[in-house]
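Participant: Listed here are the chains, written in short residue letters.
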Amino acid sequence: MAAAIETQKLTKSYKSKQLGIVNVVDNLDLYVEEGEIFGFLGPNGAGKTTTIKMLLGIIYPTSGEGYVLGKEIGDMDVHKIISYLPERPYYYEHMTGTELLRFYDSLFGNNDPAKVQRLLERVNLAADATKTISQYSKGMQQRVGLAQSLLNDPKLLFLDEPTGGLDPIAHTEIRDLILNFREEGRTVFISSHELSEVERICDRVAIIHRGVIRRQGKLTELLKGGRVEVEAEGITKEFEDSIKIEGAIISLKDGRLIVDMPEEADVNSLLDGIRSSKGSVTSVIPRRKRLEDLFVETVRDSSRVSMAEGGVEA
Amino acid sequence: MKQIIAIAGTTIGEAIRRKVLLVILLVGLVFLIVAPSLGALSARSETTILRATMLGIIQLTSAVIAIVLTVYMIPNEIERRTIYTILSKPVQRWQFLLGKYLGAVGALALMMLFMTIVMIAVFTGMQNGDFGRAVTLAQATMMFFVQMSLLAAVAVCFSTFVTPLVNFFLSGGIYLAGSLFAPMFDSLSKQQNTSQFSKTVTWAMTTFLPNFSYYNVQNPLINPSSTIQNPMSHYLFATGYGLMYISLLLFIGHYMFDHREV
Ligand SMILES: Nc1ncnc2c1ncn2[C@@H]1O[C@H](COP(=O)(O)OP(=O)(O)OP(=O)(O)O)[C@@H](O)[C@H]1O
Ligand SMILES: [Mg+2]
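If you read the sequences in order, they're chains E and U. Under this note's numbering, the first sequence has 79 at position 72, and the numbering climbs by one with no breaks. Under this note's numbering, the second sequence has 82 at position 9, and the numbering climbs by one with no breaks.
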């Protein structure tokens, strides 16, 4: 598969009064495959929006390189096949939904009222198409923004916090729309801190903190290392001693056995053993690693590292 | 091209809804309408003074509109982040800037046209239907329009790198200096006993400041040195001069805009 986005040591620095020159995005090596939903995660101020703006040529990198759909960033031709939904977007308030979409359509040199109508229907705004943007709720504005991002039938979409400030129903609506994008073969780059959302829809993620990528990879691989807890009753001491599972924490009290083991361990043969020794399994609870755990863990680790580094400097 | 027209169109749509501009326009219109009753004028000079007054009102109102309209235009797009969606489309920064400028000029044209129509109506009413004389007034407002387009270009150019408030005074100052001082410097440099220093200053000012006084065709009282011999060729010259200066300013504006963060 080809790369939809690739950056090499992409860096953006700003001068700050207290800290001197700060690398807001620091030697970023990002790799997004075509056709995937990529989650770009990080706490507030991590550098997510800054990265997206660089990839779109809205701000200029201090150093490093970036390629979007095979073209160097800033190439206008690429802008015909990508789209962008900014965070907390704001649109010309005096325009109606239809007018706004027709305006954006004309920026591609197009004039296709039927397409605009179709897109309004797709995002459930057909009934409000003649209201002005100033009369739209936040959710409606976000949806008109999504419609706007589909005008050019893009290969790659940049969505900066697409569900920011929306209610749970709007969340699901937008999630479904994004999942459709993948089915249509589009690449979606989502910046977000709605972790449960991202966990449900993203194929791969990168976690960025203070401008540096701390983790990047397939979600299924990053979330390895969950555990399974098996509980059983009527278990003898002999059976307990016979359990040989690496990394397991085993406890036995009054015939009640609890085995807390890595998820990749052989759960089935443990269950078989329990049954053949006349014990009864009372529960099997998988404790999957959540993206939230990974995120908190990653951010905490990197804070610790940078504090330690700070300590050395001081 | 479609992009530029679309951006210009949206800019006009937004401008004619801006309350502050409409209030300024309304004040201008009120003054135009009450102008005839302002002075107890002697019959002979009545027409001349009334013409000068009305044109002055239009000029002042238009200048304020031109500046207020343009100083916020680009900064607002950036502050509200509307520019991000636009620049993520296949729109070059120069196309954006040019579209914005043309939109401002278009909105100015509409508002000035409206004032001119009201002025002609009031004037024709005063002169018992002397429509022909009223039409010569419209020619003056055409020149004002070129002047305001130039002023808008000054403000758009500055708006790419200074804040709106600074820009307001900067553009306003340049407009005043370019209207009043250019002819003054002109006559100064013709005098024999002027020092080399003032000659240099004069040269610099007249070279770098746009000469707004070319367009003040309405009032030879204020501006006796620039009596116009051949109106038609003067209009053509002034328009060409304006277009040249506007191009230069937009070019500088684009350079600054292209090299900054938005
Ligand atoms: N123009 C600027 N000048 C100086 N610093 C800036 C500028 N733009 C952004 N920053 C800084 O860069 C850092 C990253 O900002 P960015 O907007 O990319 O964060 P983010 O990851 O998108 O955060 P959020 O989740 O809050 O949207 C912040 O610390 C911010 O203060
Ligand atoms: Mg952000």
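Worth flagging that the hints you see were computed from the coordinates, not collected in a lab. Here the structure is a predicted model, which means the values were calculated and not measured. Treat the hints with caution; some may be incorrect.
[Stated by the list, open to error] In silico lysine to aspartate or glutamate, DMTMM-like type, Cα no more than 20 Å apart, as pairs:
| hint | chain 1 | residue 1 | chain 2 | residue 2 |
| --- | --- | --- | --- | --- |
| 1 | U | 75 | E | 84 |
| 2 | E | 24 | U | 334 |
| 3 | E | 22 | U | 334 |
Participant: Given the hint that residue 75 of chain U pairs with residue 84 of chain E, test it: the Cα-Cα distance must not exceed 20 Å.
Facilitator: 16 Å, holds
Participant: Could you grab the alpha-carbon distance between residue 22 of chain E and residue 334 of chain U and see if it respects the 20 Å cut-off?
Facilitator: Given that 20 Å is the threshold and the Cα spacing comes to 13 Å, the pair holds.
Participant: Can you confirm whether the C-alpha distance between residue 24 of chain E and residue 334 of chain U stays at or below 20 Å?
Facilitator: 18 Å, holds
Of the hints listed earlier, there is not a single one the structure fails to meet.
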